[in-house]
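The hints should help you fit chain A onto chain E, whose structure is shown.
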Amino acid sequence: MTKPLSVDETTLLALMAYLDDELSPADRDALDVRIAEDPEVQEALASLAEGHALVRDAFAAMPVPADLVASIVATVERATIPPPAVVRPFARIRRLAPVVMALSLPAAAAIFFVMRSHPEAPHALELPQVESAPTMQAVLTEAEDMPEGDESAPVNDGEGVDVAEVEASAHPITVFTLPAVAARVHGTSIVVWMDDDDSDSAVENAGASAEGASPQP
Amino acid sequence: MTRSLRPCLLAAVLAYSAAGTALPRTVVDAASVPVAAPARVAGEVMVLLATQSDAGRSVDAAIGAIPQLSKPPFNAYGQWKLVDRKTVNLERGKGTSIPVANGRTLQLTYSDITADKRFRVSAAMMREDGSSLQKVNVVAATQEPFFLAGQKYQGGTLFIGITVKP
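Which chain is which? The protein sequence lines are E and A, in order. If you use my numbering, the first sequence corresponds to residues 1 to 217, in order. If you use my numbering, the second sequence corresponds to residues 218 to 383, in order.
No wet-lab data here; the hints were simulated from the structure. Some hints could be false.
Calculated cross-link-like contacts (lysine to aspartate or glutamate; reagent style EDC-like; alpha-carbon spacing at most 16 Å) [claimed, not checked]:
hint: 1; chain 1: A; residue 1: K382; chain 2: A; residue 2: D329
hint: 2; chain 1: A; residue 1: K352; chain 2: E; residue 2: D162
hint: 3; chain 1: A; residue 1: K382; chain 2: A; residue 2: E308
hint: 4; chain 1: A; residue 1: K298; chain 2: A; residue 2: D277
hint: 5; chain 1: A; residue 1: K352; chain 2: E; residue 2: D195
hint: 6; chain 1: A; residue 1: K382; chain 2: A; residue 2: E261
hint: 7; chain 1: A; residue 1: K352; chain 2: E; residue 2: E165
hint: 8; chain 1: A; residue 1: K352; chain 2: E; residue 2: E167
hint: 9; chain 1: A; residue 1: K303; chain 2: A; residue 2: D329
hint: 10; chain 1: A; residue 1: K311; chain 2: A; residue 2: D329
The model shown is predicted, which means the values in this text are computed figures rather than measured ones.
The following block holds chain E by itself, in its conformation from the complex (with noise of 0.2 Å):
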């Protein structure tokens, strides 16, 4: 069971500019002298540190969407007052810290169903699973799925074509797969192969001929 940081937001992200060393000397003088006082600032920062490395790796296996990194950017961006012409990163982080916590869980996710989504991506995160988050998966996929124009119309975005079951009346059949060839679907589609020896049936009046209509299956 993780326990939760007790350290306040603006710190966190204090803690977290200084794990990528992003602050300026005097902050980083400053931190370093309450990481050294506070325990719990110790605490937090060894969680965010576990944390940073988890997302890294997680993120180095498979980078983050584009268009979600962004999205959030832009994002908290538009929430925010043009800056000032000199702002020092901590300072800026800090004005950001409330839009930041803001778009916190929803991103996060984001992030935890992208990352269910890819189950081969090594080294994914294994986050508590959030009742709610089935539902912003949901919305997320309908949302990346609906065909322009149609905005009821469940489309797959997944496996291909499966056989459920397949009968025929005293004929071999022989199933093939082939790659899935649609657009956000992957897996396999299938060919059902059915030899035609039907002395009696239309197919002699249509003209058939026995001959090379086999691929020998």
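Just chain A now, with coordinates in the frame of chain E:
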């Protein structure tokens, strides 16, 4: 780590921290989210005639790009011609009959939608007397064709591609 990733990192860390204590651990897989089955979907039926000869490879331009033609069993044939292509409405639970060039009838029935938004479809090739010659039940993703093949026609073989198009 770039600055632009920081909101994502913060979000992940906060969610990790918060979910460990405050949020319920109920798991609801997306695949279990109910999906309403539409009353009808569209289906495209494309009938291709494949033949073998020494005349070299040729693909009817009307067929368009079909990557499958390079895969077995398609690649056993060199000449491809589009015989028919039509779009039909498939009403849920009702069979739709489509005449095929060789005199038989293809009967398509859409029955349901799965939790992962694929469609349960049966495709049956019916003899002239109405008996079933061949039937396959599949779970098909939209836009992904599947094929019934092997029937003879004009010295070649028919490949009938069926695609669900919601």
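(request) Quick one: which hint numbers does this structure break? Sort them smallest to largest. (result) Checked against the structure, the only hint that fails is number 9, while the rest are satisfied.
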